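What follows is the residue order along each chain.
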Amino acid sequence: GAVVSQHPSRVICKSGTSVKIECRSLDFQATTMFWYRQFPKQSLMLMATSNEGSKATYEQGVEKDKFLINHASLTLSTLTVTSAHPEDSSFYICSARPNTGTGGARGYTFGSGTRLTVV
Amino acid sequence: GQSLEQPSEVTAVEGAIVQINCTYQTSGFYGLSWYQQHDGGAPTFLSYNGLDGLEETGRFSSFLSRSDSYGYLLLQELQMKDSASYFCAAPTGGFKTIFGAGTRLFVKA
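In the order they appear, the protein sequences are chains A and B.
The first sequence begins at 1 in our numbering and counts up by one.
The second sequence begins at 1001 in our numbering and counts up by one.
The following block holds chain A by itself, in its conformation from the complex (with noise of 0.2 angstroms):
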């Protein structure tokens, strides 16, 4: 089945500092990967769709500035929270379907998530 993995899993970082994280798919390719933000107990919010090749679509009240979104191939995607503060503390999560296939509107798969505090 289709793995997308997410690295690191943790971390913790100092206010001012920039963090970032790595979203692959490790066996197949996607054009289009989806940054998520999750805070306790809450839902999945999408922040960006993270398009292979050119610039990433943000969801409306999501800094660009903030949380730049890399995708420089079909297999990777990076998500980089600059000058991170405490509030930025949060789980992020990516989510790919592969290219080809049936995967469509059905499922995505999920990276493991990545928790960031900030402190």
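In case anyone wonders, no lab produced these hints; they're calculated from the structure.
These numbers were taken from a predicted model, which means no experiment stands behind them.
Do not rely on the hints blindly, as some may be mistaken.
Said to hold, decoys possible - Using 30 angstroms as the maximum straight-line C-alpha spacing, the simulated DSBU-like pairs for lysine-lysine come out as follows:
hint: 1; chain 1: A; residue 1: K41; chain 2: B; residue 2: K1096
hint: 2; chain 1: A; residue 1: K64; chain 2: A; residue 2: K14
hint: 3; chain 1: A; residue 1: K14; chain 2: A; residue 2: K66
hint: 4; chain 1: A; residue 1: K14; chain 2: A; residue 2: K41
hint: 5; chain 1: A; residue 1: K64; chain 2: B; residue 2: K1096
hint: 6; chain 1: A; residue 1: K20; chain 2: A; residue 2: K66
hint: 7; chain 1: B; residue 1: K1096; chain 2: A; residue 2: K55
hint: 8; chain 1: A; residue 1: K64; chain 2: A; residue 2: K20
hint: 9; chain 1: A; residue 1: K66; chain 2: A; residue 2: K41
hint: 10; chain 1: A; residue 1: K55; chain 2: A; residue 2: K14
hint: 11; chain 1: B; residue 1: K1081; chain 2: B; residue 2: K1108
hint: 12; chain 1: A; residue 1: K64; chain 2: A; residue 2: K41
hint: 13; chain 1: B; residue 1: K1108; chain 2: A; residue 2: K66
hint: 14; chain 1: A; residue 1: K20; chain 2: A; residue 2: K41
hint: 15; chain 1: A; residue 1: K20; chain 2: B; residue 2: K1108
hint: 16; chain 1: A; residue 1: K20; chain 2: A; residue 2: K55
hint: 17; chain 1: A; residue 1: K66; chain 2: B; residue 2: K1081
hint: 18; chain 1: A; residue 1: K66; chain 2: A; residue 2: K55
hint: 19; chain 1: B; residue 1: K1081; chain 2: A; residue 2: K20
Fit chain B to the supplied structure of chain A, relying on the hints for placement.
Positioned in the frame of chain A, the structure of chain B alone reads:
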């Protein structure tokens, strides 16, 4: 706007059957998916309905009625390990997926 509504919590006993409902309002409809998420983990795909009716996958079944903008997830023979959050989700145009707020299921012995 687009939204999916589901109950915040459900409690059931081991061995029982539980139904988690989801009503949706979306611009364009491409089906309803269900995901399970244990605390600290990532969501895992459970089931998908693109057409009306029941889809069965082992102990889990999912139902959709597009005329009622309604679906549900049915969990049978509940086990303690089924304690988790369950999300209904709907793909929208552009392959984006929006999620309901999630239903926390507590399974008691």
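Verification of the hints:
Note on K41 (chain A) and K1096 (chain B): the hinted pairing holds, with a Cα-Cα distance of about 22 angstroms set against a maximum of 30 angstroms. The straight-line distance between the Cα atoms of K64 (chain A) and K14 (chain A) is roughly 21 angstroms, inside the 30 angstroms bound, and the hint therefore holds. Our distance criterion of 30 angstroms between C-alpha atoms is met by K14 (chain A) and K66 (chain A), whose separation comes to about 16 angstroms. Proposed proximity of K14 (chain A) and K41 (chain A) is supported: the alpha carbons are some 24 angstroms apart, at most 30 angstroms.
Annotation: proposed proximity of K64 (chain A) to K1096 (chain B) holds, straight-line Cα distance about 18 angstroms (limit 30 angstroms). Between K20 (chain A) and K66 (chain A) the CA atoms are separated by roughly 12 angstroms; this keeps the pair inside 30 angstroms, and the hint holds. Distance check on the hinted pair: K1096 (chain B) and K55 (chain A) sit about 16 angstroms apart at the alpha-carbon level, within 30 angstroms; holds. Note on K64 (chain A) and K20 (chain A): the hinted pairing holds, with a Cα-Cα distance of about 14 angstroms set against a maximum of 30 angstroms.
The straight-line distance between the Cα atoms of K66 (chain A) and K41 (chain A) is roughly 24 angstroms, inside the 30 angstroms bound, and the hint therefore holds. About 28 angstroms separates the Cα atoms of K55 (chain A) and K14 (chain A), which keeps this hinted pair within 30 angstroms; it holds. Straight-line distance between C-alpha atoms of K1081 (chain B) and K1108 (chain B) comes to about 10 angstroms, which keeps the hinted pair within the 30 angstroms bound. The suggested pairing of K64 (chain A) with K41 (chain A) holds, with an alpha-carbon distance near 25 angstroms, which does not exceed 30 angstroms.
A hinted pair counts as satisfied when its Cα atoms are at most 30 angstroms apart, and K1108 (chain B) with K66 (chain A) does not qualify at roughly 43 angstroms. For the hint pairing K20 (chain A) with K41 (chain A), the CA-to-CA distance comes to about 24 angstroms; that is within 30 angstroms, so the pair holds. The suggested pairing of K20 (chain A) with K1108 (chain B) is violated, with an alpha-carbon distance near 40 angstroms, which exceeds 30 angstroms. Restraint check for K20 (chain A) and K55 (chain A): the C-alpha separation of about 17 angstroms stays at or below 30 angstroms, so the hint holds.
For the hint linking K66 (chain A) to K1081 (chain B), the alpha-carbon distance of about 38 angstroms lies beyond 30 angstroms, and the restraint is violated. Taking the CA atoms of K66 (chain A) and K55 (chain A), the gap is about 14 angstroms. The hint holds against a cut of 30 angstroms. Between K1081 (chain B) and K20 (chain A) the CA atoms are separated by roughly 33 angstroms; this puts the pair beyond 30 angstroms, and the hint is violated.
Hint compliance for this structure: hints 13, 15, 17, 19 are broken, all remaining hints hold.
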